[in-house]
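Novice: Given the coordinates of chain A, assemble chain B onto it according to the supplied hints.
Listed below, chain by chain, are the residues.
Number of protein chains: 2
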Amino acid sequence: MRAAIGLISAALCIAPALASDDEQPLTISRVLDETTAADWRVPAPENTVYLELDSGRVVIELAPGFAPDHVANIRTLIRNGYFDGAEIARVHENYVVQWLQPDENRPLGEARERLAMEGRITFGPRADFTQLPDGDVYAPQVGFSDGFPVARDPQAQTMWLAHCYGMVGVSRGMEADSGNGSSLYVVTGHSPRHLDDNITLTGRVIHGMTELTTLPRGTGNLGFYEDPADHVPIRAIRLAADVPAAERTPVELLRTDTASFRRLIHARRHNRHPWYLATVDRVSLCNVPLPARLTPP
Amino acid sequence: MRAAIGLISAALCIAPALASDDEQPLTISRVLDETTAADWRVPAPENTVYLELDSGRVVIELAPGFAPDHVANIRTLIRNGYFDGAEIARVHENYVVQWLQPDENRPLGEARERLAMEGRITFGPRADFTQLPDGDVYAPQVGFSDGFPVARDPQAQTMWLAHCYGMVGVSRGMEADSGNGSSLYVVTGHSPRHLDDNITLTGRVIHGMTELTTLPRGTGNLGFYEDPADHVPIRAIRLAADVPAAERTPVELLRTDTASFRRLIHARRHNRHPWYLATVDRVSLCNVPLPARLTPP
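Sequence lines, in order, name chains A and B. The working numbering applies: residue 1 is where the first sequence begins, and numbers increase by one. The working numbering applies: residue 298 is where the second sequence begins, and numbers increase by one.
You may find that some hints are simply not true.
Stated by the list, open to error - A few chain B residues facing chain A, derived, Cβ under 10 Å: (1) 433; (2) 471; (3) 540.
Don't read these hints as lab results, they were simulated from the structure. We put the CB at the ideal spot given by N, CA and C, even for glycine.
Bound conformation, chain A alone:
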């Protein structure tokens, strides 16, 4: 048995499970049932971050292909023990959850204090990109690359990560280079795409989102907790590479460069589940599920 997680379900009723034969419509469930092992990938342990809360583990996949300097800095901060005593200080309804190191004097060690913004890369002709056909309000093209939701400008030949639900970014102050990974945020609500290109995204939560989204909301300015005593302690932030294999969370992700993923997009666009009355035949970037599953122990 594999436990599918992280899927956005379509129906608002308990629909009968559909048998997976050719006479049945192409639903997301059917697409997933018909995937093979080759459709799934295990994120590299060096790119996988564990945020350990009292309630459970949040798993993040970093995106060094888009933000290499920030990812390197985050790895350095983690391995320096910078995050010992880190806390979730901000839980902003329909927007973000943010954590930080409350000890402002804690040294960054070998990590850099300031980093130029990253996230917009120049793509070559062979860059992985599964394009969506229905356009986007914010960018000329949108789709998926290396498992992440992205926007593209074909004229400038640039591609950048998009602020969908679950994306992880680097908090910064007023200056463009004032972020360094010592404080990160996760998008927990409707996609704030106006942040694209204004702040560096570095990854995506691939497991454990509800550990963040069920936290009490901060009632202070910007959703910060007003009383530091309300901060949510973080037991540890670790790279999976530094955790014994037996203690790792066995998350697998559906590849986004496969025929199966294109079938999933098709299923989402056309909503062939019999619960639907009207065909939609459209899909927006942040409404495409990025399936994850736990492999059995």
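Specialist: The following block gives chain B in isolation, referenced to the frame of chain A:
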């Protein structure tokens, strides 16, 4: 002092408050600071529903202009006491919260058991509509009407409510007419716009969203709680019109047919807050905040 609620904040740092003079950029905060009493409205008590939870009150504005039969049925169900003992049975991450009457034999009284789908109306030339200029993935036109996010088809001269965060709809089974208002859902995550035209929307949560979004997630099929003992009790569902004036929640909503609301859209589109590095100059329907505030006692 008025307490602004429900705003989506832009900055990911604590930015200094901006003074409200002409040399300052047009931010959403400034637009709100410069509104007058005429920019705000109080929803009609007959269109206002209170969902009373142990943790607090959720306030919903019904949309009889779009779904008159469903709104009438919901009023009848409320006044019949149909919802006595109702419970939140489903909390689906990044999707919906849904409540229902667990006693399936409870009579509907004078309420109708089946209702034809509603939500798509024919609009006349004078129908209230504040259009957004940047397009939409799902519909030919989008904007706001009577305070609600809507989509329009100018050729067919139809307009319908859109599934943005906070919208309230009528759960149904497989048949189009199988909903009646006895079970309602609230959109709590990224806008599931593929539901537009597939299920009847009847209103929007205007206060108290966090009472719903912080609930433990259901781990069963479609986010239902697996154990009925986990259901979240609802103390009462009432119309504000049936609640003594002194016990009503004094919510006011920014009108969407005003110059102030158009200024707010402008502020959101152009992101003139100095924290932003890149102008966006675009906005999608569900990223426009619909401000609410509590009037002082």
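Novice: Now tell me if each hint is right for this structure.
Specialist: Verification of the supplied hints:
no.: 1; hint: 433; result: holds, 7 Å
no.: 2; hint: 471; result: holds, 6 Å
no.: 3; hint: 540; result: violated, 25 Å
Violated hint: 3 only; the structure is consistent with all others.
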